[in-house]
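Participant: Sequence:
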Amino acid sequence: MAVGIFDSGLGGLTVLDAVVRRLPEVPLVYFGDNAHAPYGVRDADDIYELTTQGVQCLFDHGCDLVILACNTASAAALRRMQESWVPKDKRVLGVFVPLIEALTERKWGDNSPPRPVAVETVALFATPATVSSRAFQRELAFRAIGVDVEAQPCAGVVDAIEMGDMILADALVRSHVESLMRRMPKPQAAILGCTHYPLVEEVFRDALGPEVKVYSQPDLVAEALADYLARHPDKLGTGTGAVFLTTGDPKSVSNKATQFLRRRIEFQKADM
Numbered sequence: 009m010a011v012g013i014f015d016s017g018l019g020g021l022t023v024l025d026a027v028v029r030r031l032p033e034v035p036l037v038y039f040g041d042n043a044h045a046p047y048g049v050r051d052a053d054d055i056y057e058l059t060t061q062g063v064q065c066l067f068d069h070g071c072d073l074v075i076l077a078c079n080t081a082s083a084a085a086l087r088r089m090q091e092s093w094v095p096k097d098k099r100v101l102g103v104f105v106p107l108i109e110a111l112t113e114r115k116w117g118d119n120s121p122p123r124p125v126a127v128e129t130v131a132l133f134a135t136p137a138t139v140s141s142r143a144f145q146r147e148l149a150f151r152a153i154g155v156d157v158e159a160q161p162c163a164g165v166v167d168a169i170e171m172g173d174m175i176l177a178d179a180l181v182r183s184h185v186e187s188l189m190r191r192m193p194k195p196q197a198a199i200l201g202c203t204h205y206p207l208v209e210e211v212f213r214d215a216l217g218p219e220v221k222v223y224s225q226p227d228l229v230a231e232a233l234a235d236y237l238a239r240h241p242d243k244l245g246t247g248t249g250a251v252f253l254t255t256g257d258p259k260s261v262s263n264k265a266t267q268f269l270r271r272r273i274e275f276q277k278a279d280m
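In terms of my numbering, the sequence shown is residues 9 to 280.
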């Protein structure tokens, strides 16, 4: 039983890389829906259908546990999937919970009422679909009160990263940060709410300034996965290494993935 990692494209490779560093003994299957990326401009029903198809492919490859390393899918599809689609013997986890645990310094198992936390002003950078879902604010409200969240839809950033145009991605990030900071001049913390964004994390940090604490997902998700597997060892199989599946052109996706991770990645066509 490998652990599945689902993403709309290549952004989830940042999570996979962090998981490999933290849990080198865990076998992984990565699924990138590159043929339909980006998800951030699609409607909720479309995202749900594409996400369930991809996750089913991971189930078919022997994954009992799947991480939605796509914030847009986590925001638009996860709750609906968990309530009406995921089989009882499978688990699908999102990427918001580790962020909120870190931001509020509260474990998800802490079911005490929401309370004030140290951070009062938060800048959220995410895809348009994630921002419009308000999923981050909804989940945060279960744990904290008195937190002002200003969300910025970062149109175009994922597309630029997927195309490998980092000059354009840099310019877009700086424009989006400037736009948000006109509305919230001094955020205490910033959430990079897309797994593509760690690839331009230094640009976000530079544009935001040293006084803003930046929360990026890959290491937080990897640590949360380590904790989950320690508590649910039945979800972990034997063997090591990773398999990479894509709905796109395997050669093209492999070349882009190799540029992202700076090590050779070989994708194969997803059998769907």
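No wet-lab data here; the hints were simulated from the structure. From the three backbone atoms N, C-alpha and C, an ideal C-beta is built for every residue, glycine too. Heads up, some of the hints might be wrong.
Straight-line alpha carbon distances no greater than 25 Å define the calculated SDA-like cross-link-like pairs of lysine to any residue that follow [unchecked claim]:
| # | residue 1 | residue 2 |
| --- | --- | --- |
| 1 | 259 | 43 |
| 2 | 98 | 259 |
| 3 | 96 | 266 |
| 4 | 277 | 113 |
| 5 | 277 | 57 |
| 6 | 243 | 43 |
| 7 | 277 | 234 |
Across the chosen pairs, the derived CB separations fall in these ranges [what the hints assert, rightly or not]:
| # | residue 1 | residue 2 | range |
| --- | --- | --- | --- |
| 8 | 146 | 92 | 33 to 39 Å |
| 9 | 193 | 113 | 23 to 29 Å |
| 10 | 54 | 219 | 36 to 42 Å |
| 11 | 33 | 196 | 45 to 51 Å |
| 12 | 118 | 214 | 30 to 36 Å |
| 13 | 150 | 259 | 39 to 45 Å |
Participant: Look at each hint and say if it fits the structure.
Facilitator: Hint check:
1. The hinted pair formed by residue 259 and residue 43 meets the criterion: a straight-line CA distance of about 13 Å does not exceed 25 Å.
2. Proposed proximity of residue 98 and residue 259 is contradicted: the alpha carbons are some 31 Å apart, above 25 Å.
3. Restraint check: the Cα-Cα separation between residue 96 and residue 266 comes to about 36 Å, which exceeds 25 Å; the hinted pair is violated.
4. Between residue 277 and residue 113, the direct Cα distance comes to roughly 41 Å. Violation of the 25 Å bound is thereby established for this hinted pair.
5. Simply put, residue 277 and residue 57 have alpha-carbon atoms about 19 Å apart, close enough for the 25 Å limit, and the pair holds.
6. Note on residue 243 and residue 43: the hinted pairing is violated, with a Cα-Cα distance of about 29 Å set against a maximum of 25 Å.
7. For the hint linking residue 277 to residue 234, the alpha-carbon distance of about 29 Å lies beyond 25 Å, and the restraint is violated.
8. Evaluation of the 33 to 39 Å hint for residue 146 and residue 92 yields a failure: the beta carbon distance comes to about 18 Å.
9. The hinted range of 23 to 29 Å is satisfied by residue 193 and residue 113, whose Cβ atoms lie roughly 25 Å apart.
10. About 39 Å separates the C-beta atoms of residue 54 and residue 219, a value consistent with the hinted range of 36 to 42 Å.
11. A beta carbon spacing of about 37 Å between residue 33 and residue 196 contradicts the range 45 to 51 Å that was offered as a hint.
12. With their beta carbons about 35 Å apart, residue 118 and residue 214 fall inside the hinted range of 30 to 36 Å.
13. At about 44 Å, the beta-carbon gap between residue 150 and residue 259 stays in the expected band of 39 to 45 Å.
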